[in-house]
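Line order of the protein sequences matches chains A and B. When the letters of the first sequence are read in order and numbered with the numbering used here, they come out as residues 20 to 411. When the letters of the second sequence are read in order and numbered with the numbering used here, they come out as residues 20 to 411.
A portion of the hints provided could be inaccurate.
[Said to hold, decoys possible] Calculated pairs, BS3-like style, for lysine-lysine (alpha carbon to alpha carbon, straight line, at most 27 angstroms):
| id | chain 1 | residue 1 | chain 2 | residue 2 |
| --- | --- | --- | --- | --- |
| 1 | B | Lys324 | B | Lys371 |
| 2 | B | Lys324 | A | Lys402 |
| 3 | A | Lys371 | B | Lys324 |
Hints in this document: simulated from the structure, not taken from any laboratory.
Each chain is listed here by its residues.
Number of protein chains: 2
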Amino acid sequence: MITLKEAQDICWSEEYRPNTEILPLNEVLNRILAEDVYSDVNMPPFHKAAVDGFACRKSDLQHDLLVLGEVAAGSLAETKLQPKSCFRIMTGAPVPDGCDVVIMLEHTQVLPNGRIRFMKEKSSQNICFLGEDVLVSDLLLSAGTLLRSQDIGVLASAGKSTVSVYQSIRVGIIATGNELVEPHCLPNPSQIRNSNGPMIEALAQSLGAKAINLGIAPDQEAPLETIIERSLRENHLTILSGGVSVGDYDLVPIVLKKLQVKTHFHSVAVQPGKPSFFGKRGSSLVFGLPGNPVSSFVQFNLLVKNLIRKLAGQNNLSNETIRIPLSYDYQRRNAAREKWEPAQLNENGEIKALNYHGSGHLHALSFAKVLFQVPAGVASLRKGELVQALIL
Amino acid sequence: MITLKEAQDICWSEEYRPNTEILPLNEVLNRILAEDVYSDVNMPPFHKAAVDGFACRKSDLQHDLLVLGEVAAGSLAETKLQPKSCFRIMTGAPVPDGCDVVIMLEHTQVLPNGRIRFMKEKSSQNICFLGEDVLVSDLLLSAGTLLRSQDIGVLASAGKSTVSVYQSIRVGIIATGNELVEPHCLPNPSQIRNSNGPMIEALAQSLGAKAINLGIAPDQEAPLETIIERSLRENHLTILSGGVSVGDYDLVPIVLKKLQVKTHFHSVAVQPGKPSFFGKRGSSLVFGLPGNPVSSFVQFNLLVKNLIRKLAGQNNLSNETIRIPLSYDYQRRNAAREKWEPAQLNENGEIKALNYHGSGHLHALSFAKVLFQVPAGVASLRKGELVQALIL
Numbered sequence: 020m021i022t023l024k025e026a027q028d029i030c031w032s033e034e035y036r037p038n039t040e041i042l043p044l045n046e047v048l049n050r051i052l053a054e055d056v057y058s059d060v061n062m063p064p065f066h067k068a069a070v071d072g073f074a075c076r077k078s079d080l081q082h083d084l085l086v087l088g089e090v091a092a093g094s095l096a097e098t099k100l101q102p103k104s105c106f107r108i109m110t111g112a113p114v115p116d117g118c119d120v121v122i123m124l125e126h127t128q129v130l131p132n133g134r135i136r137f138m139k140e141k142s143s144q145n146i147c148f149l150g151e152d153v154l155v156s157d158l159l160l161s162a163g164t165l166l167r168s169q170d171i172g173v174l175a176s177a178g179k180s181t182v183s184v185y186q187s188i189r190v191g192i193i194a195t196g197n198e199l200v201e202p203h204c205l206p207n208p209s210q211i212r213n214s215n216g217p218m219i220e221a222l223a224q225s226l227g228a229k230a231i232n233l234g235i236a237p238d239q240e241a242p243l244e245t246i247i248e249r250s251l252r253e254n255h256l257t258i259l260s261g262g263v264s265v266g267d268y269d270l271v272p273i274v275l276k277k278l279q280v281k282t283h284f285h286s287v288a289v290q291p292g293k294p295s296f297f298g299k300r301g302s303s304l305v306f307g308l309p310g311n312p313v314s315s316f317v318q319f320n321l322l323v324k325n326l327i328r329k330l331a332g333q334n335n336l337s338n339e340t341i342r343i344p345l346s347y348d349y350q351r352r353n354a355a356r357e358k359w360e361p362a363q364l365n366e367n368g369e370i371k372a373l374n375y376h377g378s379g380h381l382h383a384l385s386f387a388k389v390l391f392q393v394p395a396g397v398a399s400l401r402k403g404e405l406v407q408a409l410i411l
Numbered sequence: 020m021i022t023l024k025e026a027q028d029i030c031w032s033e034e035y036r037p038n039t040e041i042l043p044l045n046e047v048l049n050r051i052l053a054e055d056v057y058s059d060v061n062m063p064p065f066h067k068a069a070v071d072g073f074a075c076r077k078s079d080l081q082h083d084l085l086v087l088g089e090v091a092a093g094s095l096a097e098t099k100l101q102p103k104s105c106f107r108i109m110t111g112a113p114v115p116d117g118c119d120v121v122i123m124l125e126h127t128q129v130l131p132n133g134r135i136r137f138m139k140e141k142s143s144q145n146i147c148f149l150g151e152d153v154l155v156s157d158l159l160l161s162a163g164t165l166l167r168s169q170d171i172g173v174l175a176s177a178g179k180s181t182v183s184v185y186q187s188i189r190v191g192i193i194a195t196g197n198e199l200v201e202p203h204c205l206p207n208p209s210q211i212r213n214s215n216g217p218m219i220e221a222l223a224q225s226l227g228a229k230a231i232n233l234g235i236a237p238d239q240e241a242p243l244e245t246i247i248e249r250s251l252r253e254n255h256l257t258i259l260s261g262g263v264s265v266g267d268y269d270l271v272p273i274v275l276k277k278l279q280v281k282t283h284f285h286s287v288a289v290q291p292g293k294p295s296f297f298g299k300r301g302s303s304l305v306f307g308l309p310g311n312p313v314s315s316f317v318q319f320n321l322l323v324k325n326l327i328r329k330l331a332g333q334n335n336l337s338n339e340t341i342r343i344p345l346s347y348d349y350q351r352r353n354a355a356r357e358k359w360e361p362a363q364l365n366e367n368g369e370i371k372a373l374n375y376h377g378s379g380h381l382h383a384l385s386f387a388k389v390l391f392q393v394p395a396g397v398a399s400l401r402k403g404e405l406v407q408a409l410i411l
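Looking at chain A on its own, in the form it has when it is part of the complex (with noise of 0.2 angstroms):
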């Protein structure tokens, strides 16, 4: 048995680099950056007015001002700065040479002969220089980068109409279990619906990958070989549930085996959620989550979200946990491992508890806005106290 942080190190140490692709820039959003993107302009480009007002010489402010004209944005001053002058200028207009102060309109006052009059004792520059935010060939964005909307407002404003982007990664789904029945059908009395194939369907979908739900694989050895060689052959990860720990039943280690996947880890000390097999054939990876539908959902988070990510290509992976005070006292009985509990958020932005039976009890998640962290040896934790959270 290993520690959580031990089976991440392990996990997200893969690396793969998907094929590429060319896709115009309104279809990249959430997909994975596959080239570097320098900048082809300084922004500002120009001394670039920040307010509406008048452009003018710092040392002339104390002067009435004659204007010149007018900037507007998009357009240049027609005629040069002259001494005790000024020009007009609008926001995001380039400032004419010379000028190196612009005093805001709502600061001024226009003289009965034309002038321009400041009516304050001092003003703001006002003014964003050439090149202050990026220059020509700074590196915007680097490959490995997954595409938020404000980087598609940077790839625009550096040219890129068209993006290399990583092709999408194959996931395929495979939910072990004699008692389950596909979402369609009406369970018998022994039986349950297959809930964890379609929710981790779903989770990698959410993550852009391409997910194929294989379906259900009985509890019997050959099946279970014949889908698992097929998904391991045609997909980058194939991500079983249920089967997984050491009963009579739990079949999938040693069909894995007889595979021959190679073993990462088979168990990792959190709850819930301990019996997670994770291992790789070549280039193909397995993890092998908890049939408990919560224990599943809480082991792709912590651990299947950024293995999933870093074969996707990316490779800014940060922190994702965020320090939130605790609204409630919290209490638990065995302190032995560390545990992730769903939790809800109250108006105030604190973590407040949820009714949760346990593992089983996927209808609970519904309701969970974060999972956070009681580490291992903590039984209990005080209002007001800082938990590390993931935030779903």
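Use these hints to put chain B onto chain A, whose structure you have.
Below, chain B alone, put in the same frame as chain A:
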């Protein structure tokens, strides 16, 4: 000028019920549920073994127990429980009638005569009781719920292999300004590329809306009127960026008035992004965002995001801000307005300062993980203080 809270109350009170469509379960992630879903089964559907071990009567635990048979997941006991007897049982299997405890395999010993001896003082019950999570006819998910991965699992458990969801709403996006050129063009010395259009398009896409980027409108009344009129007719929501303030070239308010768009607000006491417009013509809504990309991004997150969710049919909006500690001392000069600062998170999940030059500095947002609130009147915050933050 109204407060952010007032603006949110106005925007988020909009209601709209889009048409519905029926989709297979594996196509409804991040869609809005359009029907109330009730359970057709109890969950668990039977008293379920929570561990691998032996099912028996608590009152028999001091005796050596005869093993009557085995109950695997998906099967039922073939005989009835007798006094001083038990069943070998697997996790997930139905507990046979009469048994009121499942003792863990690890806590038992097999005697030479084949009987089972319980080796501990006492045992947890280790049974998940019929219906303890969900009863037949319980409401599982209500119309208006944003479907997350765990909800897909819940729908599967209730036998929903197809689901009624709301059709995506249409959002038209127009960037205004004579200084703008499209991303594929090389800007001349007074121009910049249109980054707001693609960024807002991606922001709307990330909420599941059908985003239509209508390109750039110049600062001229006639073309502006034509394109806004078209978007008002074709889309549920039109988002404009730039030209929304009160400068000489800010024609958006003039044109909107001419097109009989009723103003709901035109200025919000928040930084960055004070000049934010919200209005309505019939059932067609208009949001005017500031031209600076960071202002535009912040206002989208503070106001437009939940407006789109409401229009899309979502009715389970909840507080999205989270209480997080600052990892540094924060100061600002002008504390008049409420401010939302882009920031990073450190390894400990606390807010970390970002290299950020102001509302034109789009590239800074590629490194931002949160926006955090500095309330009106607050000029400084100390390291360790808890602030309200939106996760990006």
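Against the structure, the hints come out as follows:
1. Lys324(B) with Lys371(B): holds (24 angstroms)
2. Lys324(B) with Lys402(A): violated (32 angstroms)
3. Lys371(A) with Lys324(B): holds (24 angstroms)
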